[in-house]
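S.K.: Given next are the chains, with one letter for each unit.
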Amino acid sequence: MTAADAFSRKKSNTEARSVRILTFKIDDRDVSAREDETILAVARQNNIYIPTLCHLDGLSERGACRLCIVEIKGSPKLVPACVTRGREGIEVITNSERIADYRRKILELIFTERNHVCSVCVSNGHCELQQLAVNLGMTHVHYDYLYPRLAIDASHERFSLDHDRCVLCLRCVRVCDEIEGAHTWDVMKRGINSRVITDLNQPWGSSSTCTGCGKCVQVCPTGALSEKGKSVAEMVKRRQFLPYLQLMRGVDRE
Amino acid sequence: MSKMRIATTWLDGCSGCHMSLLDLDDRLADMAQQIEIVYGPLVDALEFPEAVDVALVEGAVSSDADVKKVRLIRERSKILVSFGDCAVTSNVPAMRNEFRVQEVLQRGYEENVSCHGQIPGVGVPALMPQVRPVHEYVEVDVFLPGCPPPADAIFFLLSELLQGRIPDLTGKSRFGA
Ligand code: SF4
Ligand code: FES
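Each protein sequence line maps, in turn, to chains A and B. Heads up, the first sequence is in the numbering used here, so the first residue is 1 and it goes up one at a time. Heads up, the second sequence is in the numbering used here, so the first residue is 1 and it goes up one at a time.
Hints should not be assumed to be uniformly reliable.
To be verified - Calculated pairs, DMTMM-like style, for lysine to aspartate or glutamate (alpha carbon to alpha carbon, straight line, at most 25 Å):
no. : chain 1 : residue 1 : chain 2 : residue 2
1   : A       : Lys105    : B       : Asp168
2   : B       : Lys69     : A       : Asp144
3   : A       : Lys25     : A       : Glu61
4   : B       : Lys78     : B       : Glu110
5   : A       : Lys105    : B       : Glu136
6   : A       : Lys189    : B       : Glu98
7   : A       : Lys230    : A       : Glu157
8   : A       : Lys25     : A       : Glu91
9   : B       : Lys172    : A       : Glu234
10  : B       : Lys68     : A       : Asp144
11  : A       : Lys237    : A       : Glu71
12  : A       : Lys228    : B       : Glu98
13  : A       : Lys105    : B       : Asp141
14  : A       : Lys237    : A       : Glu91
15  : B       : Lys3      : B       : Glu136
16  : B       : Lys172    : A       : Glu97
17  : B       : Lys172    : A       : Glu108
18  : A       : Lys77     : A       : Glu37
19  : B       : Lys172    : A       : Glu91
20  : A       : Lys230    : B       : Glu98
21  : B       : Lys78     : B       : Glu98
22  : A       : Lys105    : B       : Asp53
23  : A       : Lys237    : A       : Asp199
24  : B       : Lys3      : B       : Asp23
25  : A       : Lys25     : A       : Glu71
26  : B       : Lys78     : B       : Glu103
27  : B       : Lys172    : A       : Asp101
28  : B       : Lys69     : B       : Asp25
Stated by the list, open to error - In silico negatives: residues of chain A with every beta carbon more than 10 Å from chain B:
no. : residue
29  : Arg62
30  : Asp101
31  : Leu109
32  : His116
Hints were generated in silico from the structure; no laboratory data involved. Since the structure is predicted, the reported quantities are computational estimates derived from the model, not experimental observations. Note that beta-carbon positions come from the ideal geometry of N, C-alpha and C, so glycine has one too.
Turn these sequences into a full structure, and let the hints guide you.
M.R.: If you want it as structure tokens, here you go:
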């Protein structure tokens with residue numbers, strides 16, 4: 001028996017033994033899913049759109065933004081699709097008036113909490129937050145803008161951090177910890193005072209753990225993390241490396 | 001049919017939205033039969049007139065004069081459009097909100113000038129403590145984001161209003177534009 005045979009036998013054995021297949025409904029469509037798949041993953045496989053912000057294929061789920069909320073028939077509670085698994089026989093609704101309303105409100109709160117001045121942002125035209133406003137039909141906010149006074153950390157040689165644009169999705173924290181293995185990024189304080197930090201809240205440029213790989217910059221959905229030297233609308237994120245990471249993580253899991 | 005009476009104004013903005021309005025080019029000329037521009041930087045009228053059908057308000061509310069003006073516009077207009085990002089979000093003008101007015105004035109009129117630094121006090125409107133979007137002061141009927149909103153979106157807005165409909169602008173423009 002070759003090593004390859006052994007590998008494939010082992011793999012199919014595991015599958016037969018442990019993975020259950022569920023069937024349930026999303027937006028009145030019958031779907032089947034492995035029991036360990038999230039509602040978001042299943043919806044995507046079936047080309048059903050659920051808006052997301054903190055989710056990024058290739059990173060662990062965080063459930064931070066709540067834009068992916070969906071309804072499950074018979075339950076008054078809305079659940080985040082990116083961290084909720086399917087269950088046999090449930091009926092998921094991804095787009096009702098109620099959900100659309102809540103999603104817009106969440107988005108409005110994100111916009112009012114920091115200073116997202118799209119017109120002068122490095123990420124103008126390439127920003128996931130800006131695009132979500134279009135997708136969810138948000139043309140203005142119903143809350144008061146907070147206009148907080150926030151700092152920019154431009155101490156790193158090649159990158160800068162602008163807290164004005166940060167949505168606390170924590171993709172930077174996850175990619176740095178899970179993929180690069182440096183864990184330079186973290187979060188300090190709580191709630192509305194939360195901030196992403198490098199090392200023990202010291203200037204990024206003086207971080208002793210940062211490898212300068214730039215993955216955090218590329219996964220950041222907004223202009224919060226950017227490459228130096230980029231002017232308004234010039235910062236286009238390059239995510240080509242993510243599918244490879246996903247693949248590697250997939251092999252890990254088998 | 002009587003013409004639709006349109007007024008346009010800019011508060012704390014850069015006039016870019018008005019430039020975009022002019023970018024309608026011949027479409028604006030075609031519309032001339034149906035609309036009359038009764039007030040704004042493009043026409044010669046001193047006072048904001050009564051019985052305006054549609055008011056396009058560019059710019060954020062930044063000074064005491066803006067507050068007065070936007071309230072008068074609301075009173076005298078059937079439909080008030082929050083026209084462009086400064087009106088809708090306060091946009092760039094609001095970048096001063098992180099500082100106190102006095103700090104901003106000092107920076108602009110004293111620290112950054114090469115001679116005769118002096119903060120103007122007479123004959124100019126007083127700045128409000130913060131720049132705020134139009135809808136925080138008066139009720140707004142239509143929001144058209146964009147910096148500036150594209151000419152096509154403005155054309156759609158006016159065409160719909162001419163048909164007597166409140167336009168659904170979803171997907172026609174975006175913040176930052
Ligand atoms: S800096 Fe960017 S990636 Fe990090 S939490 Fe803020 S928005 Fe997310
Ligand atoms: S994408 Fe699910 S909570 Fe952010």
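S.K.: Are the Cα atoms of Lys172/B and Glu91/A separated by 25 Å or less?
M.R.: Not OK: Lys172/B and Glu91/A at ~33 Å, beyond 25 Å, violated.
S.K.: Need the status of pair Lys69/B, Asp25/B: alpha-carbon distance at most 25 Å?
M.R.: Roughly 28 Å separates the two Cα atoms, so the pair is violated.
S.K.: Take the C-alpha atoms of Lys3/B and Glu136/B, compute the straight-line distance between them, and say whether it is at most 25 Å.
M.R.: violated (30 Å)
S.K.: Run the distance test for Lys25/A versus Glu91/A: straight-line Cα separation, threshold 25 Å.
M.R.: Status holds; Cα separation ~5 Å.
S.K.: Could you grab the alpha-carbon distance between Lys230/A and Glu98/B and see if it respects the 25 Å cut-off?
M.R.: Given that 25 Å is the threshold and the Cα spacing comes to 24 Å, the pair holds.
S.K.: Next pair to validate is Lys77/A with Glu37/A; report whether the Cα-Cα distance is within 25 Å.
M.R.: holds (20 Å)
S.K.: Can you confirm whether the C-alpha distance between Lys105/A and Asp168/B stays at or below 25 Å?
M.R.: holds (19 Å)
S.K.: Does the structure keep Lys25/A and Glu61/A at a Cα separation of 25 Å or less?
M.R.: Answer holds: Lys25/A to Glu61/A is near 23 Å, not above 25 Å.
S.K.: Hey, is His116/A genuinely clear of chain B, shortest beta carbon separation above 10 Å?
M.R.: violated (8 Å)
S.K.: Run the distance test for Lys172/B versus Glu234/A: straight-line Cα separation, threshold 25 Å.
M.R.: Holds - the C-alpha atoms of Glu234/A and Lys172/B are around 22 Å apart, at most 25 Å.
S.K.: Are the Cα atoms of Lys25/A and Glu71/A separated by 25 Å or less?
M.R.: Judged against 25 Å, a Cα distance of about 12 Å means the pair holds.
S.K.: Holds or violated: are the alpha carbons of Lys3/B and Asp23/B at most 25 Å from each other?
M.R.: holds (21 Å)
Of the numbered hints stated above, those contradicted by the structure are hints 4, 11, 14, 15, 19, 21, 22, 26, 28 and 32, listed in ascending order.
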